[in-house]
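S.K.: Quick mapping for you: the protein sequence lines, in order, are chains A, B and C. Numbering-wise (this note's numbering), the first sequence opens with residue 46 and increments by one. Numbering-wise (this note's numbering), the second sequence opens with residue 46 and increments by one. Numbering-wise (this note's numbering), the third sequence opens with residue 46 and increments by one.
Hints should not be assumed to be uniformly reliable.
Unchecked claim - Under the rule of at most 25 Å between Cα atoms (straight-line distance), these lysine-lysine pairs were calculated in the BS3-like manner:
| # | chain 1 | residue 1 | chain 2 | residue 2 |
| --- | --- | --- | --- | --- |
| 1 | A | K60 | C | K162 |
| 2 | C | K181 | A | K417 |
| 3 | B | K60 | B | K441 |
| 4 | A | K175 | B | K417 |
| 5 | C | K417 | B | K175 |
| 6 | B | K60 | A | K181 |
| 7 | B | K162 | B | K181 |
| 8 | B | K98 | B | K326 |
| 9 | C | K175 | A | K60 |
| 10 | C | K60 | B | K175 |
| 11 | C | K175 | A | K417 |
| 12 | A | K175 | B | K60 |
| 13 | A | K417 | C | K162 |
| 14 | B | K223 | B | K326 |
| 15 | B | K181 | C | K60 |
| 16 | B | K417 | A | K181 |
| 17 | C | K417 | B | K441 |
| 18 | B | K60 | A | K162 |
If you are wondering where the hints come from, they were derived from the structure by calculation, not from laboratory data.
In case you want the letters, here they are:
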Amino acid sequence: MVDTGRIADLLKARKPGFSLPQEFYVDDEMFAADMQAVFATDWLFACNVAEIKRPGDYITLEVGGDSIIVLRNRDGEVKAFFNTCRHRGSRICLNESGRVNRLVCPYHQWVYELDGKLINARQMPDGFDKSGYSLKPAAVEVICGMVYISLSDNPPSLDRYRAAVTPYIAPHQPDRTKVAFTSTIIEEANWKLVIENNRECYHCAGNHPELLVTLVEFALPDDSAATNVFKGLMDRSVARWDSYGLPHQPADGGIEFRCIRLPFNDGTVSFTMDGSPASNKLLGDFTEPDLGSVRMFRVPNNWNHFLADHIIHFRVLPLSANRTEVRTTWLVHEDAVEGVDYDVERLTEVWIATNDQDRILAENNHKGIRSKAYRPGPFAPSEFMLANFSEWYAGKLDDFVRPPSQRLVAAE
Amino acid sequence: MVDTGRIADLLKARKPGFSLPQEFYVDDEMFAADMQAVFATDWLFACNVAEIKRPGDYITLEVGGDSIIVLRNRDGEVKAFFNTCRHRGSRICLNESGRVNRLVCPYHQWVYELDGKLINARQMPDGFDKSGYSLKPAAVEVICGMVYISLSDNPPSLDRYRAAVTPYIAPHQPDRTKVAFTSTIIEEANWKLVIENNRECYHCAGNHPELLVTLVEFALPDDSAATNVFKGLMDRSVARWDSYGLPHQPADGGIEFRCIRLPFNDGTVSFTMDGSPASNKLLGDFTEPDLGSVRMFRVPNNWNHFLADHIIHFRVLPLSANRTEVRTTWLVHEDAVEGVDYDVERLTEVWIATNDQDRILAENNHKGIRSKAYRPGPFAPSEFMLANFSEWYAGKLDDFVRPPSQRLVAAE
Amino acid sequence: MVDTGRIADLLKARKPGFSLPQEFYVDDEMFAADMQAVFATDWLFACNVAEIKRPGDYITLEVGGDSIIVLRNRDGEVKAFFNTCRHRGSRICLNESGRVNRLVCPYHQWVYELDGKLINARQMPDGFDKSGYSLKPAAVEVICGMVYISLSDNPPSLDRYRAAVTPYIAPHQPDRTKVAFTSTIIEEANWKLVIENNRECYHCAGNHPELLVTLVEFALPDDSAATNVFKGLMDRSVARWDSYGLPHQPADGGIEFRCIRLPFNDGTVSFTMDGSPASNKLLGDFTEPDLGSVRMFRVPNNWNHFLADHIIHFRVLPLSANRTEVRTTWLVHEDAVEGVDYDVERLTEVWIATNDQDRILAENNHKGIRSKAYRPGPFAPSEFMLANFSEWYAGKLDDFVRPPSQRLVAAE
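Can you build the whole structure from these sequences, using the hints too?
M.R.: Structural data, given as structure tokens:
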């Protein structure tokens with residue numbers, strides 16, 4: 046139902062360095078194209094392995110019309126399946142998370158092993174060949190405990206990403222954490238506006254008082270607008286990080302991903318209202334609470350902060366052209382004890398406030414773009430990551446609208 | 046707005062014996078086709094005459110965008126009209142049921158007789174010819190008190206159906222009942238999933254504890270999976286029914302309808318939590334409370350149970366591709382006294398629970414089918430009635446998408 | 046996305062003197078056409094200047110996907126702008142009304158003067174030319190304090206309208222009022238049904254008991270159905286109005302507007318439950334409370350009553366094919382004191398009740414028109430203003446669907 050010729054024309058009308066033409070943000074057909082061109086082809090951040098610690102633990106997530114089950118199988122491996130019974134199509138797992146011995150469809154009790162094989166289908170005739178009715182698998186990659194899935198039968202390689210980011214995030218040992226809290230909010234805005242909102246801190250000064258207690262607004266060490274205060278802070282931080290052997294220079298992620306370590310404001314070490322640590326039990330083998338944070342983003346749906354004392358994953362899933370789910374997961378050391386080592390309210394209040402402020406910004410952005418007075422506007426220098434995101438997105442769409450014979454190999 | 050070529054292609058892709066391709070369940074265009082090909086051409090169960098006992102009593106029901114008034118006129122006949130004033134189109138009857146002397150449009154008080162004739166239109170000029178502005182009638186057939194309507198100007202014959210089912214249901218005297226209770230629920234599922242859910246008891250064991258106190262799970266006396274317990278029960282039941290002269294063999298309904306008498310579980314006689322009678326005042330001339338139940342279904346929107354002590358009609362009306370209204374009506378003898386002969390909660394609790402369980406099953410079925418991993422799956426032998434329903438449905442669609450010159454005469 | 050050929054065919058099917066074919070009221074594509082052909086080209090009533098008394102006072106209103114800011118600038122002039130920031134498109138004013146010193150986008154704090162000029166865009170590079178990024182203006186006309194806006198770059202002239210209605214409404218001094226109350230309701234009906242409902246009082250007798258205490262049902266002094274009582278009332282009223290020099294004959298508005306002074310029922314002077322004045326502080330220089338009311342309507346979205354003691358503006362804004370916002374504003378003399386000169390409940394209760402009755406009528410009208418049994422019906426003589434409205438509307442659509450080279454100059 047997608048008119049690829051129309052999309053190709055709109056792509057031609059796009060001006061690099063400017064926000065996208067209106068249709069990309071508000072049009073139902075364009076949303077369908079996004080789901081096919083982006084969300085059905087690329088890798089999507091799903092969860093942390095801490096959410097599925099034991100065999101049989103599962104979570105589900107919705108990607109457009111698809112529900113995906115991500116689980117740990119009996120061998121301890123992470124697997125993913127489309128949550129659709131091969132009998133008459135019922136959803137199998139009805140909850141957002143849970144634990145099962147086997148996957149049993151609630152409709153007629155067809156039973157699947159944790160590897161997706163159909164092992165029992167009562168009342169089916171003798172000649173019924175169960176081997177033809179396994180659950181459809183989805184591709185899975187795990188990077189330092191972060192689970193990525195792909196709905197594509199032929200997903201692109203994640204090798205370059207894995208190699209680049211592992212040195213930054215492995216010391217924080219994301220795979221040895223536990224979930225302290227999760228929050229799911231719905232934003233009445235296109236998913237690209239949610240991502241764009243996250244890709245710049247140009248809006249921070251006017252909107253995020255809690256966050257700016259600790260977060261520095263500069264995205265790069267050599268930001269041309271950087272103040273002397275920031276430069277001094279950066280120099281001192283780099284010296285310490287180098288002494289610990291922690292990487293911090295921007296990774297070479299191009300338009301696909303970003304990974305960098307940046308300091309917190311002087312005198313603060315964590316995303317709390319006063320900048321003091323949120324958890325006394327530090328991650329990994331850290332003994333020093335002031336490590337700044339590794340800021341890691343990957344298209345199309347995930348950004349993260351890795352601190353000395355906790356990790357935050359953000360997961361974005363589009364629901365429709367004008368609705369997007371944002372799930373935030375706060376992780377602490379797997380041995381940290383709630384009420385002793387950390388307090389959930391202290392740990393979460395800064396980003397709960399920030400997420401809600403961002404929701405309102407994205408929603409008003411979406412509303413304003415619906416106007417026929419909307420014209421794509423120019424990015425400020427501090428919005429350089431939005432230019433990257435637009436390039437990447439346009440490339441995905443461009444590939445999608447080409448005749449198959451002319452398609453590029455999926456970018457990396 | 047319906048692309049009949051696309052539907053024809055999808056019909057070709059359909060595999061008999063398997064659930065339908067995804068589009069038939071979730072697509073808005075296919076829903077529009079269903080409304081035209083099925084709900085605008087066939088007979089639809091509307092209500093029992095007990096709901097419109099006296100002249101001027103009416104009910105309304107919604108079939109897609111159409112509201113239909115079903116009423117009893119001054120001669121005691123059942124008539125149906127489109128609920129749209131011929132002046133500027135306002136709805137006339139605003140309630141689900143009521144009693145009127147004449148049909149008066151609330152907007153400008155145009156007055157229609159109970160036979161649909163416009164008899165007063167104040168302020169219209171002298172030359173205004175009221176005879177050209179009668180309400181548009183809808184076709185009506187009454188079978189043993191069950192009212193069927195058709196929105197078609199040329200509906201198919203119901204003669205074969207009437208002749209076949211009357212011997213089964215007439216002894217229960219559905220036309221000498223009163224309404225004990227009605228329940229209307231909305232299911233977030235395609236109407237065909239609601240019907241399919243009803244057409245098999247493969248799902249009963251895992252989902253309907255209240256119902257299975259009394260309901261036997263076998264759909265036919267000669268079910269190849271039937272247990273010896275069931276066979277013994279069946280033999281004893283048949284001997285008794287034969288002695289009363291009550292028909293019980295499956296009627297020859299083909300893919301259009303089903304009518305059969307089946308026993309309740311041994312020791313139980315009615316749909317109550319303990320299997321004892323729900324009403325002490327038996328229907329018709331019955332003196333024996335243990336008559337099993339006549340299970341009667343007719344495409345596209347009605348199934349029923351006729352017991353010795355009460356009758357249940359189920360009416361299905363599609364609201365959109367993913368929303369369906371299910372109305373259940375419990376009828377007892379017209380002289381039964383609430384609180385004396387029957388208790389509403391006892392009478393209704395089994396099917397209220399069962400309907401809600403079925404709603405959840407249909408909704409999860411619908412959700413799972415939205416996935417691109419959905420593939421039409423094979424029916425179990427116990428799902429033979431779904432195969433029938435699919436054949437019938439495909440036939441209706443097939444007829445709809447042919448050029449008019451090639452259309453078959455409507456089935457029957 | 047609008048199929049102009051289809052609309053042209055539907056226009057040909059339209060019968061003058063009858064309600065419109067179904068599609069015009071219920072179809073999403075037709076709604077899109079209405080927004081382009083009518084609401085994006087013509088003048089729309091927005092508010093009274095009393096709502097934006099001081100420099101920096103603003104209101105916002107939504108016209109389809111567009112939000113418009115109407116404000117008073119530093120020179121005391123009324124200006125209007127599209128509420129979409131030229132940076133990345135965020136809404137700027139988030140409230141329905143307020144007061145600002147400058148227009149500051151909440152997202153990245155771009156600052157616009159009250160004349161729409163961008164005066165500050167922090168972080169933008171040195172070469173950034175702010176003069177290319179003013180807010181897009183919308184056209185504004187003020188007639189005796191009534192603010193009309195147009196989203197068109199080339200709106201038609203309002204001169205004839207202004208000249209015709211000013212003598213009627215200027216004596217009421219709408220520009221020297223204050224807002225006593227506003228009410229906003231949503232009607233689940235097409236905007237044209239809301240207008241049509243307002244354009245006749247054929248429905249009043251059956252539906253508006255509160256209103257008919259005071260309102261005469263005749264729309265013209267020479268109504269052929271007029272009673273002797275009305276004629277007597279009219280003669281006495283005309284004599285008095287003439288003695289005061291107040292115009293009262295129907296203005297020559299054709300199908301574009303209507304302006305006329307009509308009396309209240311004998312012994313009543315204002316829209317209150319008992320017909321006594323609603324405000325003791327009369328408007329303008331009036332000393333006589335019994336001046337009837339000037340009834341003024343202009344396509345497509347505004348009708349009004351101008352009384353001796355208060356003014357009511359009604360503003361209609363379409364939200365979708367089946368949803369319409371109706372905002373009612375009650376204005377009293379700018380020096381009237383609440384609780385002393387007027388009581389809000391007394392002032393508003395008649396039209397609050399009437400609006401709600403009209404909402405129900407329009408909603409049931411919309412529902413009935415969705416039926417395939419709907420046929421355009423004949424207007425009664427008392428519905429002559431609906432015939433006018435249909436002619437005007439069909440003309441707008443007709444102009445819209447012509448090839449540009451064949452388009453008429455916009456009417457007026």
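S.K.: Provide an ascending list of the numbers of those earlier hints which the structure does not satisfy.
M.R.: The structure breaks none of the hints.
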